[in-house]
Amino acid sequence: MAMQASSPSAFAPLLACLGLLALWEVAARVMAISGLPPASEALRELPVILGDGEALLNIAASLRRMLTGFVLALLFALPVGLCMGRSARIAAFFNPLLMVIYPVPKAALMPIIMLWLGIGDASKTIVITLGVSLPVIYHSYQGARAVEEKLIWSAAAMGMSKAARLWRVVLPAALPQIFIGIRTGLVLALITMVTSEMIARQTGVGSILFNALDMAQYASVYAMIVIIGVLGFVLDVIIERLRCKLVAWAEEEREIAVGTS
Amino acid sequence: MGALPLACLLALWHGIAVAGLAPAVLLPSPAAVVARLLEQVRNPLFLQHAATTLMRLFAGFGIAVVVGVALGLAAASNRRAEALIRPLWRVLAPVPKIALYPALVLLLGFEHASKVALVVADAVFPILLATYQGAAAVEPKLIWCARAAGASRNRTLLTVVLPAALPTILTGARVSLVISAIVVFLAEMLTSTDGLGHLLVYASRSFHTVDMFVPLITISIIGLLLNAGFNAMRKRLLAGFPDEP
Chain A
3 MAMQASSPSA
13 FAPLLACLGL
23 LALWEVAARV
33 MAISGLPPAS
43 EALRELPVIL
53 GDGEALLNIA
63 ASLRRMLTGF
73 VLALLFALPV
83 GLCMGRSARI
93 AAFFNPLLMV
103 IYPVPKAALM
113 PIIMLWLGIG
123 DASKTIVITL
133 GVSLPVIYHS
143 YQGARAVEEK
153 LIWSAAAMGM
163 SKAARLWRVV
173 LPAALPQIFI
183 GIRTGLVLAL
193 ITMVTSEMIA
203 RQTGVGSILF
213 NALDMAQYAS
223 VYAMIVIIGV
233 LGFVLDVIIE
243 RLRCKLVAWA
253 EEEREIAVGT
263 S
Chain B
7 MGALPLACLL
17 ALWHGIAVAG
27 LAPAVLLPSP
37 AAVVARLLEQ
47 VRNPLFLQHA
57 ATTLMRLFAG
67 FGIAVVVGVA
77 LGLAAASNRR
87 AEALIRPLWR
97 VLAPVPKIAL
107 YPALVLLLGF
117 EHASKVALVV
127 ADAVFPILLA
137 TYQGAAAVEP
147 KLIWCARAAG
157 ASRNRTLLTV
167 VLPAALPTIL
177 TGARVSLVIS
187 AIVVFLAEML
197 TSTDGLGHLL
207 VYASRSFHTV
217 DMFVPLITIS
227 IIGLLLNAGF
237 NAMRKRLLAG
247 FPDEP
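Chains as they are written, first to last, in the working numbering: chain A, 3 to 263; chain B, 7 to 251.
Treat the hints loosely; a few may be bogus.
Said to hold, decoys possible - Covered stretches of chain B (in silico footprint by chain A; criterion: 3 or more residues with CB under 8 Å from a CB of chain A, positions within the stretch not fixed): (1) 11–25; (2) 43–53; (3) 75–88; (4) 107–116; (5) 161–171; (6) 203–209.
Hints listed in this document are in silico derivations from the structure and should not be mistaken for laboratory results. All C-beta atoms in this analysis are idealised placements derived from N, C-alpha and C, irrespective of residue type, glycine included.
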């Protein structure tokens, strides 16, 4: 995809968006039910929502929680994943744990964590951190495991300490894989962010979305969905750009995104 | 060795609960949760909720497999289809599908359909991507041979490309299966009157902490079992294929 990011395929997603909007408009006009307002009507709500200070504060609160959760997850998951990749014993310890945690719906922990930490930022951030950690651990583990042994031997022969080798040899070499994990983690961060806000409705895009649904403001519901969708797409593009810059040297890996919420 | 960290985790949980660091209302002991789980497994009402969840899960997953494989094969074998599907996939894949759920509820109602649709929306992308990549990586010589032997384009697709791409497709499908289990649970938590997710929300409203853990553990066990079962099936189906790393 990186190769084809030149002019023709940069247009294609835009065209796809326009196509989807057109399809939506036609479907709404044909079906003519109140539950599906036409695209034009929902899009007219966009400036209204984005011009509202409170809504902007909510979106900012969501993004802040997501960013905090994401950074916390990286701080925790990267060292764990890299150590797992370099030590069979650590891997044997964490693997069964990860296997058991993998099918747990992270966002569904929200009601339980809410009992302990309340409905504020702390619970939501923790749930986001949990969601992001798993793919980052998994992919940094895979990446660190596949690092060329010779690189590590050379570094060791030159007198680099174990920790320094992990930081200066293993981490950069595993970076292409790690980015796959980060990209999957982003999707999960968005999912857990929205879901946690739907469950503990206080602030954030998820709560605006579901409150609009409860108040039957259907145009706002769809406008919020568009905003969240654009948010996901833009963040994805940013991470993809970052990846191209940092690991341009690596061949693009083909990997099926392992994503669970 | 494998069970050790799990035992540690359980022991830690048990220790915290027994030492009274957390009141039982906030954190019931693992023994209490397991006892309640065993009790519920024999409760027909609980089983009915679990069956509803499973039904939605498999309906959504089944549709996602059919749609995902069909679109993936189309994208890999036809340039025009690829030009159409790829940008759509690029735009829609990073969108958190759960945000679509209110729209699905408005369109399809509060019953099964909206939840199944959400499962499909979330489960279809890994399968689509896996099918596309698997089919695009099929050895071209195989396809040329089949074509030279007189097989039609469609026949080649079904009898050569599809089996050759099967290992990758099944990997994608396994990922999707676990996603389906998670998503169906979340959808039931958000709006529902039945299913395991509803049981969790219902218990949290009445502060029955033990009953909150039971559905969560049940869905996780379902996910684990489905994952393991799918792996076993994959091994059987792929007997003779070179093993993937």
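Comparing the hints with the structure gives:
1. 11–25: Since 3 is at least three, the answer is holds.
2. 43–53: violated (count 0)
3. 75–88: Check failed, 0 qualifying residues.
4. 107–116: holds (count 5)
5. 161–171: Answer violated; 0 residues pass the 8 Å Cβ test.
6. 203–209: holds (count 3)
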